Amino acid sequence: MAGFYWLFGEGQLAYLLVELLQAIVGAATCVVLYHVAGAILKNKRVATLSGGLLALYPIHASLTIFHHPVTIYVFLELLSVLWVLRLAQRLSWRDAVLCGCCLGAAALADASAFVLFPCLLLWFFFKARASLNTVYLRQRRRLPRRRAWEPGLLGKPYWG
Amino acid sequence: MGLEPVVVFALTLTVRLAFVVVIAHWRSPNPTAWKYGEIATSLVDGKGYSGGSWFVVKEGPSAFMAPFTVF
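Line order of the protein sequences matches chains A and B.
Each residue of the first sequence is one higher than the one before, counting from 1 in the numbering used here.
Each residue of the second sequence is one higher than the one before, counting from 1 in the numbering used here.
One chain only, chain B, in its complex shape:
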């Protein structure tokens, strides 16, 4: 393995970190987490894998969002 993957990794990480730092100055205090954030909050609050549905019911067990990101 040459030096190229390391250069690519460093370049990408720099661009993304710069993006996080620059955008953090003017975005709203809460990031855009959509329903994933709601379900994660429910998990931390002890309500289980619930919430996150925007129609039918607002609370209760949810199967709308895939679990990988939430956990």
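Isolated chain A, as found in the complex:
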């Protein structure tokens, strides 16, 4: 808001631009919801229905004209849920960093994002236990190979 006010002066043009930006963010929210529903239910029809229902939901549409963080907050929260879902399927640093960035930005948009943090964390550790175990086992398998030179260096048998 301050950026638009500074660029265009506080007036109808700045207000309109803020609302246009919120309309685009609202539209992007529906697309993110489509992907979240698709990732959870693995059904394209249900995903499209979810996105369509949010698109026509009057309260979400009415939020476009209020200069309030709820539009961007919902978008960031949904985006972080999408990254967590992807992270639970396949662990990667990129997804983890993106998820952290989204959650951080959501917390800067509205402090109620802090309620979501422990819920997402708990869900992730229960859901992604298999993936985490795989990573742990892979590291354990690597361990003896990495430490194989140590007994020679210390002059004692490996099992000593």
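Where hints are given, some of them may not hold.
[Stated by the list, open to error] Some, not all, of what chain B presents toward chain A, calculated at C-beta under 7 Å:
1) L11
2) V20
3) A40
4) F68
5) V70
These aren't lab readings, by the way, just hints derived from the structure by calculation.
Since the model is a prediction, treat every value here as computed from it, not as a measurement.
Just so you know, even glycine gets a beta-carbon here, dropped at the ideal spot from N, CA and C.
Fit chain B to the supplied structure of chain A, relying on the hints for placement.
Showing chain B alone in chain A's frame:
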């Protein structure tokens, strides 16, 4: 990725833009920005991240509103 996300995006954007255009005819000239608008105005006026509190003090540094929307 199929065509569905594009359709969803287009539908949502159309509904929201229609909302902005229709509502703009009968709402007051200033939109409802609550305290976020006040803090944004303070920033532009060079008063820093101030104002926006509705009790105790009316002016001075504020920690009532989250900064993402204000900036």
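To see whether the hints hold, each was checked on the structure:
| no. | hint | result |
| --- | --- | --- |
| 1 | L11 | 5 Å, holds |
| 2 | V20 | 5 Å, holds |
| 3 | A40 | 4 Å, holds |
| 4 | F68 | 4 Å, holds |
| 5 | V70 | 6 Å, holds |
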